[in-house]
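Take the given structure of chain C and dock chains R, F, D, G and H with the ligands to it, following the hints.
One letter stands for each residue in the lines below.
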Amino acid sequence: MENLANLWLSSGANQMTIGQFSMMVVCLGLLFLAIRKNFEPLLLVPIGFGGILANIPGANLALPAVEAAMYSGDAGVLAQLSQALGLAGFESMESLKVALENAPAAAAERAAQVAADAGFSNGMLYNFYNVAIASGVAPLVIFMGVGAMTDFGPLLANPRTLFLGAAAQFGIFATVLGAVGMSAMGIMDFSIADAAAIGIIGGADGPTAIYVSSLLAPDLLGAIAVAAYSYMALVPLIQPPIMRALTTEQERRIEMVQLRHVSKSEKIVFPLVLLILVALFLPDAAPLLGMFCFGNLMRECGVVSRLSDTAQNALINITTIFLGLSVGSKLAADKFLDPKTLGILALGIVAFAIGTAAGVLMAKLLNMVSKNKVNPLIGSAGVSAVPMAARVSNKLGLEANPHNFLLMHAMGPNVAGVIGSAVAAGVMITMVRAMGG
Amino acid sequence: MENLANLWLSSGANQMTIGQFSMMVVCLGLLFLAIRKNFEPLLLVPIGFGGILANIPGANLALPAVEAAMYSGDAGVLAQLSQALGLAGFESMESLKVALENAPAAAAERAAQVAADAGFSNGMLYNFYNVAIASGVAPLVIFMGVGAMTDFGPLLANPRTLFLGAAAQFGIFATVLGAVGMSAMGIMDFSIADAAAIGIIGGADGPTAIYVSSLLAPDLLGAIAVAAYSYMALVPLIQPPIMRALTTEQERRIEMVQLRHVSKSEKIVFPLVLLILVALFLPDAAPLLGMFCFGNLMRECGVVSRLSDTAQNALINITTIFLGLSVGSKLAADKFLDPKTLGILALGIVAFAIGTAAGVLMAKLLNMVSKNKVNPLIGSAGVSAVPMAARVSNKLGLEANPHNFLLMHAMGPNVAGVIGSAVAAGVMITMVRAMGG
Amino acid sequence: MENLANLWLSSGANQMTIGQFSMMVVCLGLLFLAIRKNFEPLLLVPIGFGGILANIPGANLALPAVEAAMYSGDAGVLAQLSQALGLAGFESMESLKVALENAPAAAAERAAQVAADAGFSNGMLYNFYNVAIASGVAPLVIFMGVGAMTDFGPLLANPRTLFLGAAAQFGIFATVLGAVGMSAMGIMDFSIADAAAIGIIGGADGPTAIYVSSLLAPDLLGAIAVAAYSYMALVPLIQPPIMRALTTEQERRIEMVQLRHVSKSEKIVFPLVLLILVALFLPDAAPLLGMFCFGNLMRECGVVSRLSDTAQNALINITTIFLGLSVGSKLAADKFLDPKTLGILALGIVAFAIGTAAGVLMAKLLNMVSKNKVNPLIGSAGVSAVPMAARVSNKLGLEANPHNFLLMHAMGPNVAGVIGSAVAAGVMITMVRAMGG
Amino acid sequence: MQQGLDITLFGMGIVFTFLLLLVICTTVMSRVMTRFFPEAEPAAAPSPASAGQSTVGNARLRKIIEEAIKQHRNRPK
Amino acid sequence: MQQGLDITLFGMGIVFTFLLLLVICTTVMSRVMTRFFPEAEPAAAPSPASAGQSTVGNARLRKIIEEAIKQHRNRPK
Amino acid sequence: MQQGLDITLFGMGIVFTFLLLLVICTTVMSRVMTRFFPEAEPAAAPSPASAGQSTVGNARLRKIIEEAIKQHRNRPK
Ligand code: NA
Ligand code: NA
Ligand code: NA
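Residue numbers (our numbering), protein chains in the order written: chain C, 1 to 437; chain R, 1001 to 1437; chain F, 2001 to 2437; chain D, 3001 to 3077; chain G, 4001 to 4077; chain H, 5001 to 5077.
Take these hints with a grain of salt, some might be off.
Per label pair, the in silico range of CB-to-CB distance [said to hold, decoys possible]:
1. F:S2092 to C:I187: 49 to 59 Å
2. R:S1072 to F:S2092: 53 to 63 Å
3. F:A2134 to D:R3035: 51 to 61 Å
4. R:V1098 to C:N102: 31 to 41 Å
5. R:R1433 to H:L5020: 52 to 62 Å
Here are some, though not all, of the chain G residues that point toward chain C, as calculated from beta-carbon distances under 7 Å [unchecked claim]:
6. M4012
7. G4013
8. V4015
9. F4018
10. L4019
11. L4021
12. C4025
13. T4026
14. T4027
15. M4029
16. S4030
Quick caveat, the hints were computed from the structure, so don't treat them as lab data. Just so it is clear, the structure is predicted and the values come from calculations on it, not from any experiment. C-beta atoms are modelled at their ideal positions from N, C-alpha and C, and glycine is treated no differently.
Looking at chain C on its own, in the form it has when it is part of the complex (with noise of 0.2 Å):
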């Protein structure tokens, strides 16, 4: 009989949190959208049954070892746990989980004995972040991965439109001060380092959003990337009302003149450019569009097609799956129903709409100053959101006239703006740490 309450005590029915049913209904609310409204499913279903198994009462998949010595230890376990990291004794859980934040690293590695000798062992999911995320890998693969993808012809075809993926990344800005502004008025809590990372949502890159809040604001990630891959979904909702009060008819009749060809001498040799300004100027931005130009030349040279389909498939694929699993681990309830999501989910739409607006907008500034008139519809596809975004300003020019095809137009912006968010992601970095955040 005892061991039938064992097994009760242990069970999950017994030990679930009202925030862990909580986030179980949310998860599966992202499957469902995934899977039947077709929302960024190849992110969202692995985050969303990742999301599932981390908020699994008892099963501490998403926890370190200590943690779960923490949650399930005895009292000797929390006694030299608390000496480990340097504590007279076992006070609160509360003062433990402060002094395992701020424990330097010797102590935590003592911790992680204790834990190690106590029996703990890190949880399934904790590991897969550990690798994936908290490595910085698996952003950096995948960002590989859609380099071997990008097409930048159109790009190079008219190198003005890289204006319109600068300008919409203004929509990251506007958001980083709009968070530092709410942290000032008191309604949020967000430090420079999170406002810069929920800022990247506007960006509207997954890999770009998930890498750099695992440098900058890791407890945020889970919010972060859920906004970003989200609104990267609902970007046929959200863009088409700005676009239209932003622009007239007529401008929005303009057809643009067909694009040149672009010889494969210069498409081998654009990354080596993006990658030498990269070296020169941005040196945090290196790995991101290190990486990114190195996927690209694999694509472009024609002699490691091998490497290059490989890096489009099997390892972009592997590296989905695991870096969604562990972005899931980081919807734990007891991490991510916290005010600072709904806060994260305000700014992150606001950032997109504010960087639609910039692109076109500055799409519109273009034509002012150049007599080849750009669409101003395409502005909006510097948020990036490929090819999405790209689809909704086709879509848009089609119904003011028939016969405007712009996809390959916008598809200019909208690999602009993958470069344009990483660009703004190295400043961020760069600032935020000088700034010592």
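This is chains R, F, D, G and H with the ligands only, laid out in the frame that chain C set:
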């Protein structure tokens, strides 16, 4: 000349023990069975090859740096190791080994540092084992791939067959009882954790057996994995006599009604239902069944076929290669050549036989209480061993009645057996931990 | 304004050294050779790109956290590092570097903890190097893939060609002698371990060279890998003059008898025979030749084509990407721009030339003692560089006699050369270790 | 020995109870799905156009294709 | 707040400056490549031989092949 | 210098000895296999049925298929 002497001293022919020689012969035998007799070759080829590598004298491929230092280090290294492990000084190899096994994490790390300073490094297979199995990741990833290959249609069309998958797990528990009994009688010396790990052989499911024994009885992992895969390959020999003995000709002729059509949505929702039940009642089964359900959801949801393809191909193949070599590392003579191995082999086949019988008898019981008759031959498929056991059911059905195609009907209990043994694994882990095993 | 100044101070254009600039030009040159001249592009594209990344000033992509802390940390961090490494206090960068290089494992870990506490983390390429090369796994996995791509049929049909593969390894050993001689004469400063690692360039086998130098001379790995792959690409230029000089027109015209049919079972058993010989006599070659034989067994046994396919495609491609980037990390200016690199480049080409000559001469020797004549042109294929060297033999054969197709005959010594250099690698590792290198 | 008996009895009991729960939930789920989310119509065959005419020819073509794929994959790229 | 303003102003400025530099370098690069390394002739179509005759038949064939590939990949090997 | 000579002499010696052993073992193995496990008959060609009729057509078909596969793989799924 000194060099030549060194080379000869370090050569395998000089150092080889009889045990290592015997294990090489055993591993060549495994390779022969795998290649010539088609015994689960996907696993037994890497396992057998890994076993040969693990037994190369002097190469220390399966040893951690510390053990390599113990076997090949000079007196100074041995003294330092003894000190690091808290001994007064080096007394005997045996006492050093015991000290290493029982060392707390901090002492083990000091010993590893001594070994590193003396120039020793971990063997290749030891590294593979650590990354693939000790972390738990390889069996889980393979289980995800199996989930992505599994069609739950036949099970959903006839959910009663889950009882057949449950009954067949009796083989697992009866074997635990047998192992504990052998220990009680003094024939063997199995702890309760050992007994639980051995029992899982009866689950006829490789990744589950490896996962459980990596947690509960890592020393027995080699023997357990070899037994599990060998007996799975022997299913067409082990099961038929039992099935014939327990059924009448009349029963074997029973034709079953055609399975109803199962909708796509049912198939999508089923893995989520299973996951939620696991979350509520069996958190210790969450890693195994969670990954399995995740694989199956990727397969059925239809929106992430890229990921599902990769989980079924590149990812599972890569993992299988390293899992197999890692299991092979546990075939080193000093661990495998132990009376326990014989006990494990004997108990394993008993487990298979009892599981088969329990499945068949459960089917007969179901026929007593229900009007839709099931052919008791499909009961044996409940041990899992997908799809071999289902094919055996089909073959015996055709023998009795040439129009009786049982394959699809047997797939229900067959996949139920996979769920059943993962559930049994979760129960076992929970109970053994509660017993302080 | 302070921010702007910070950004400029942290930018690459400000910090770049002449060395880094030169290395970037060198790496662009490697990319040019790879892409335009088709110089082993599968390796040289990732290596060249990784080299550029490693030389981005301020990004520290190729540095461990400790070294990043040394270069970018403030006085406090330097003092703590000095203390952790057992120095009285910070004196000079040079003494700190020396202390770090010679630090025992425990001190190195304390230093790493200081760096972590100061907020430094390992660079991306450093992590890749650690996981892929320092662990030894990447060259071994590539060797497994090469094994899975290798057909030993021509070798089995004419086992004598193994002697050609043996003779061509003379290039390796002559180079060791050369390197030691240069040191004895005071021209260079190569240790015996360095000399052994440099010699392996003459094996004309990339993974073997990388594996050996990761063990014996990690600091020279970049130069050795670049030399090995560059000279392999130059085989069609290096070998023909030597081959012509050492053979008469008459000899080059020799037609060889058609190769006998080799049965499937012979092909299956051969890797096992090789493995057992390695196990008996050369345990230090076991990792390399073990993985090679494993790949070949998977290929030939016919029952694990899933695994063989993956080893030849997804797995080898993924590994190649990370291996290449990791090798590139060793092209950082401060390590690569060293007089030693010039010595390595010079010795490497001599090694190739001597190996080629030895193979040709051995073929002529074989002709003296045997009645089945071999065309001495196939001797040069013994250096490996599969399949380039065999094609060179074929081309020169056709020049001398338009009906003389030597390709298949040259594949025998070609794959024998792979075995030969792996054997030489094992011998070298054993002997250098015995010499305390 | 007691522990072994405990594990066997409780273990088997829990496995059965769990799978019983799963049978119930699955059955309920199937009913709910069939009633509230009926499928448009179980599509007769995945590729009706190509199925009718020449299955033998298709089989041969598929064989050729599969071999081509195999060769394509195995080639020493 | 000051920090937020700093990041916004400098950040946006640097993004624009960087992309302006990229526009300039790209344009220069394109000019250089087009002038000094002109392409032989943009190849009209990747496979001219097979393109002419029966694109419809080819499309159908391709579809069959793709399905074969898909089945080939999805089969539980 | 002595060490270098040692490595060269012993090294070359061991490489030759090892490969000599391998030659011997391989030759013995081949004899044994050929005598005791003779192959049924070296199959003339892997696919005799399809080889006879229209190799040219097959070659063209294979080419098309390979290209289809290539496109299939390269498509930005
Ligand atoms: Na963007
Ligand atoms: Na089972
Ligand atoms: Na070689």
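>> Run through the hints listed earlier and report the numbers of any the structure violates, in increasing order.
In response: 2, 7
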